[in-house]
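Participant: Here are the chains, one letter per residue:
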Amino acid sequence: MTRVGLVVNPVAGLGGRVGLGGTDGPERARLALSLGSRPLAGVRAAAALAELALRTGELAGAGLARVAPGVRVGGTVDAPPGSPRPLVVTAAGPLGADSAAVAGLPARVVYAAGGGRDASGVETSGVETSAADTAAAVRAVVAEGVDLLLFAGGDGTARDVLAALGDAPCPVLGVPTGVKMHSAVFAVSPRAAGEVAAAWLNRKGAVRLRDAEVMDRDEDALAEGRVTSRLFGWLPVPDLPVRVQQRKTGSTATAPEAVGGIAAEVAERVGDGLLALGPGSTTRAVAAALGADVSLTGVDVLRLRPGAAPDVVARDATEDTLLTLGPAWIALSPIGGQGFLLGRGNQQVSPRVLRASGGRAHLLVVCTEQKLAALGGRPLLLDTGDDALDAELAGHVRVITGRRRTSLYRLAM
Amino acid sequence: MSAPHTPVSVSPEEARVADKPRLRRFQQASWDEKLIFELGSPGERGVLVPTADPSVGQVEIPAALRRATPPALPEMSQQQVLRHYLRLSQENLGADLNIDVGQGTCTMKYSPKVNDQFVRDPRIAALHPLQDEDTVQGVLGIIHGLEQLLKEISGMDRVSLQPGAGSAAIYTNVAMIRAYFAARGELEQRDEVITTIFSHPSNAACAKTAGFKVITLHPDADGYPDIEALKAAVGPRTAALLITNPEDTGIYNPRIEEFVRIVHEAGGLCSYDQANANGILGITRARDAGFDLCHFNLHKTFSTPHACGGPAAGACGVTEALAPYLPRPTVELDPETGTYRLDDDRPESVGKMRPFYGVVPNLVRAYAWIMSLGAEGLRAAAETAVLNNNYLLHKVRQIPGVSVPYAAGRPRVEQVRYSWEKLHQDTGLHSEDIGLRAADFGTHYWTSHHPYVVPEPMTLEPTESYTRADLDEYAAILAEIAREAYEDPETVRTAPHRSTIHRVRPEALDDPATWAVSWRAYRRKVLGAAARP
Numbered sequence: 000m001t002r003v004g005l006v007v008n009p010v011a012g013l014g015g016r017v018g019l020g021g022t023d024g025p026e027r028a029r030l031a032l033s034l035g036s037r038p039l040a041g042v043r044a045a046a047a048l049a050e051l052a053l054r055t056g057e058l059a060g061a062g063l064a065r066v067a068p069g070v071r072v073g074g075t076v077d078a079p080p081g082s083p084r085p086l087v088v089t090a091a092g093p094l095g096a097d098s099a100a101v102a103g104l105p106a107r108v109v110y111a112a113g114g115g116r117d118a119s120g121v122e123t124s125g126v127e128t129s130a131a132d133t134a135a136a137v138r139a140v141v142a143e144g145v146d147l148l149l150f151a152g153g154d155g156t157a158r159d160v161l162a163a164l165g166d167a168p169c170p171v172l173g174v175p176t177g178v179k180m181h182s183a184v185f186a187v188s189p190r191a192a193g194e195v196a197a198a199w200l201n202r203k204g205a206v207r208l209r210d211a212e213v214m215d216r217d218e219d220a221l222a223e224g225r226v227t228s229r230l231f232g233w234l235p236v237p238d239l240p241v242r243v244q245q246r247k248t249g250s251t252a253t254a255p256e257a258v259g260g261i262a263a264e265v266a267e268r269v270g271d272g273l274l275a276l277g278p279g280s281t282t283r284a285v286a287a288a289l290g291a292d293v294s295l296t297g298v299d300v301l302r303l304r305p306g307a308a309p310d311v312v313a314r315d316a317t318e319d320t321l322l323t324l325g326p327a328w329i330a331l332s333p334i335g336g337q338g339f340l341l342g343r344g345n346q347q348v349s350p351r352v353l354r355a356s357g358g359r360a361h362l363l364v365v366c367t368e369q370k371l372a373a374l375g376g377r378p379l380l381l382d383t384g385d386d387a388l389d390a391e392l393a394g395h396v397r398v399i400t401g402r403r404r405t406s407l408y409r410l411a412m
Numbered sequence: 000m001s002a003p004h005t006p007v008s009v010s011p012e013e014a015r016v017a018d019k020p021r022l023r024r025f026q027q028a029s030w031d032e033k034l035i036f037e038l039g040s041p042g043e044r045g046v047l048v049p050t051a052d053p054s055v056g057q058v059e060i061p062a063a064l065r066r067a068t069p070p071a072l073p074e075m076s077q078q079q080v081l082r083h084y085l086r087l088s089q090e091n092l093g094a095d096l097n098i099d100v101g102q103g104t105c106t107m108k109y110s111p112k113v114n115d116q117f118v119r120d121p122r123i124a125a126l127h128p129l130q131d132e133d134t135v136q137g138v139l140g141i142i143h144g145l146e147q148l149l150k151e152i153s154g155m156d157r158v159s160l161q162p163g164a165g166s167a168a169i170y171t172n173v174a175m176i177r178a179y180f181a182a183r184g185e186l187e188q189r190d191e192v193i194t195t196i197f198s199h200p201s202n203a204a205c206a207k208t209a210g211f212k213v214i215t216l217h218p219d220a221d222g223y224p225d226i227e228a229l230k231a232a233v234g235p236r237t238a239a240l241l242i243t244n245p246e247d248t249g250i251y252n253p254r255i256e257e258f259v260r261i262v263h264e265a266g267g268l269c270s271y272d273q274a275n276a277n278g279i280l281g282i283t284r285a286r287d288a289g290f291d292l293c294h295f296n297l298h299k300t301f302s303t304p305h306a307c308g309g310p311a312a313g314a315c316g317v318t319e320a321l322a323p324y325l326p327r328p329t330v331e332l333d334p335e336t337g338t339y340r341l342d343d344d345r346p347e348s349v350g351k352m353r354p355f356y357g358v359v360p361n362l363v364r365a366y367a368w369i370m371s372l373g374a375e376g377l378r379a380a381a382e383t384a385v386l387n388n389n390y391l392l393h394k395v396r397q398i399p400g401v402s403v404p405y406a407a408g409r410p411r412v413e414q415v416r417y418s419w420e421k422l423h424q425d426t427g428l429h430s431e432d433i434g435l436r437a438a439d440f441g442t443h444y445w446t447s448h449h450p451y452v453v454p455e456p457m458t459l460e461p462t463e464s465y466t467r468a469d470l471d472e473y474a475a476i477l478a479e480i481a482r483e484a485y486e487d488p489e490t491v492r493t494a495p496h497r498s499t500i501h502r503v504r505p506e507a508l509d510d511p512a513t514w515a516v517s518w519r520a521y522r523r524k525v526l527g528a529a530a531r532p
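Chains as they are written, first to last, in numbering that gives the first Met the number 0: chain X, 0 to 412; chain G, 0 to 532.
Hints were generated in silico from the structure; no laboratory data involved. Think of the CB as a built atom: it goes at the ideal place given N, C-alpha and C, for glycine as much as any other residue. Heads up, a few of these hints could be off.
Unchecked claim - Straight-line C-alpha distance at most 20 Å; calculated SDA-like pairs for lysine to any residue:
| hint | chain 1 | residue 1 | chain 2 | residue 2 |
| --- | --- | --- | --- | --- |
| 1 | G | K230 | X | A266 |
| 2 | G | K207 | X | F231 |
| 3 | G | K421 | X | A373 |
| 4 | G | K230 | X | G376 |
| 5 | G | K212 | X | G260 |
| 6 | G | K212 | X | A411 |
| 7 | G | K230 | X | H395 |
| 8 | G | K230 | X | A373 |
| 9 | G | K212 | X | G376 |
| 10 | G | K394 | G | A288 |
| 11 | G | K207 | X | A411 |
| 12 | G | K207 | X | R402 |
What the hints assert, rightly or not - Reference listing, derived: stretches of chain X covered by chain G, where coverage requires no fewer than 3 residues with Cβ under 8 Å from a Cβ of chain G:
| hint | segment |
| --- | --- |
| 13 | 90-104 |
| 14 | 395-408 |
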């Protein structure tokens, strides 16, 4: 039997309809409730589970009755007819069990919000729960062993999940219910979350995982009056583009081939020299294609030599390390769905570092065509904190999208 | 949407006007037909070839040409073969059965049946490509005549009809661009080709295959190719611009002459992908916008069938400066004798793109189609295609969940790339789901090339072939599917319900380990048999 974890942040999204922005912290949640907002996170989580229920177990089998007997198409099909529905491993009441009940899925409750108090010791009641509850529920659910952890919330909840999972992340997927959702871990809708979850559970092995960004509004910057977001880390999510890919003729370049082409192109440009790689799954895959294992979150420096595997000269390099090493080339990839190329999650690549490496001429922007298209025409963004440098870098930039392939794309301040 | 069950009192005239076209309850045949290799039995034959009369003598096939083992072919009677393929044809939507406006960018127009009669005429069908020139003057005359017509339609100086498809024609043009710069000693310097994301992907693919680096321009906020991006892209390394216009969004680039000028000033050539020419025949010409090369898809714009991916036919048009590089042989008319001859002595030619003269049956069909319409007829076809498209646009944009990205409120040329993004956000259904449900009404549907720049895309191109009633029916089908999506999404999500094959998992077609495009590959990969029987 497959097991899907569910943790709902019941207060997520409360602030949206009453104009409060996010609902981080119990005060904002109470204020939102007092302003007449009604909790919707549980309802949206139930919608995701209902979609999952439709696509798993007996119902999914019924939909495939017309597949010709004995015909194998090489891929795997949805759950075989008569297979059991997934078990929902979750926390009591509004933290998940209520949603499972609405969706009619069997549930095992492994956590209950403790003592009606939030992390700061303030007494809570009704839908009031805290970040500490989210984290504790996530740990309890994951400890039971699940194939996929669904969480319902916004960016704040995604950060809580990231923190709770620590160094041992399991596959997760966000059901979007929050106000702020800059993170790339969310499905585009609750139903889409159910669809992706079903595909992951039914066709394990046929669906890859990808590392998706966890972002949140930068409160420090907000205090200075700037609305920006920060990168907090990555969580593995099923890589089933919600826009299910089908083709007209031929096949589209899937990510690994495209990344291999990008890597070859980068190697050719750098030749014999030092290359700094920014954080992210694209740059990490580029390093892997070149034969180096680098971190997902840090800036690493490689020494490239034609015809030989690169040496990792520095891991998790700081600004000072980068200035000391003086890499001749810097390869960066925009944050998926959001487009930030500089100034989010890669502040080590500072204006001084960029100028020292030769500025625009030695900045390699790498990105698959799929990821560029997913920006929906919005420009790549930069915010180095140095307006003069931003102005110098802005304009049309050649994005390396494959072997001997570039796209001219707008980079804006 | 109004509730269809609400009884309202209307006059018969009002009812006739308000009545949406009755939706068909299409039901595809399901024959559970086996693969042809699984039919028949050893030794069965369709045609029994009699032993040659002794007086004929023995024909010896040279030993070097004989097979060691007989080919592994299906063995069955002629009638079985006929039944097999008729059954398969009934498990298709069929180009002649459906209102084929849903295959945008493919220009699925009706191909008049009389043109097939010309092709089947023994004077065409019985020709052999190795016949002496003197004995094939008629077909050479048709090829030469079609070249003259396409010169007039494009404004170009010379035309080649050798390429076997649109992509082959693009490749031919890229090969001529390469030969042109090689002859000028500039090939090493000029190694970049510029195209746009809404141009057909074959432009980028052909340029890359020919050894060029490819730079892709993304659209500006209005959906036009970004002219600032073009200015940033051109330079001393620019070999050429390969661009479609109108692009697959159906938006005509009003700055096309400026695009050409910018590339020419940088020393590059401009090649016009005229795959979307159906809406501009007789209205604009590649030469008039300053292009050096262009190509047409005869199997789209000039009505010849798509033939399941080939062989189709492409036409390349070039200026005099590029004429030396045309594929060989060319068909030349001797003005004194009035006879045609093949000129194979063209040392600067890029070589052969197809054996002999290209795909002659399609050249005959295209020639007949153009001659039957005349210049005014071509323009009328284009104008009707544009009118049909904007009529359908008017109807489709009223359907809940549909939007028309870019160039807000403006008409389109001959096709539109719509977006179901709102419907997707509201219902979780994808454009692909709508396409599969459309099959239940006996109609075909297509999304877009990849990557999806327009989210949840749908591309419709009605051409001039379809009547107003046809377009009303197609729009009514889409409206009905949108209604179902909001009121009964399960029906759409589990579609098709009335087709032979339910759903195919595309993953198997993407993976070289599982795809099987031949019987041998199917045996090896799917049945697990040895590679050779």
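Participant: The structure should be examined with respect to each hint, and the outcome stated for every one.
Facilitator: Cross-check of the supplied hints:
1. A hinted pair counts as satisfied when its Cα atoms are at most 20 Å apart, and K230/G with A266/X does not qualify at roughly 27 Å.
2. With a C-alpha separation of about 39 Å, the suggested pair K207/G and F231/X falls outside the 20 Å cut-off, and the hint is violated.
3. For the hint pairing K421/G with A373/X, the CA-to-CA distance comes to about 16 Å; that is within 20 Å, so the pair holds.
4. Restraint check for K230/G and G376/X: the C-alpha separation of about 19 Å stays at or below 20 Å, so the hint holds.
5. Only pairs whose Cα atoms come within 20 Å are accepted, and K212/G paired with G260/X is accepted, the gap being roughly 12 Å.
6. Straight-line distance between C-alpha atoms of K212/G and A411/X comes to about 25 Å, which puts the hinted pair past the 20 Å bound.
7. Distance restraint check for K230/G and H395/X: the Cα-Cα separation of roughly 9 Å lies within the 20 Å cut-off, and the hinted pair is therefore satisfied.
8. Simply put, K230/G and A373/X have alpha-carbon atoms about 24 Å apart, too far for the 20 Å limit, and the pair is violated.
9. About 23 Å separates the Cα atoms of K212/G and G376/X, which puts this hinted pair outside 20 Å; it is violated.
10. For the suggested pair K394/G and A288/G, the alpha carbons sit about 33 Å apart, so the restraint of at most 20 Å is broken.
11. The suggested pairing of K207/G with A411/X is violated, with an alpha-carbon distance near 29 Å, which exceeds 20 Å.
12. Of the pairs offered as hints, the one joining K207/G and R402/X holds, with about 9 Å between alpha carbons and a cut-off of 20 Å not exceeded.
13. Against chain G, the segment 90-104 of chain X contributes 0 residues with a C-beta closer than 8 Å to a partner C-beta. That does not satisfy the three-residue criterion, and the hint is violated.
14. Residues of the segment 395-408 of chain X lying with their CB closer than 8 Å to a CB of chain G number 9, which satisfies the three-residue condition for coverage.
Hint check: violations occur at hints 1, 2, 6, 8, 9, 10, 11 and 13; the rest are consistent with the structure.
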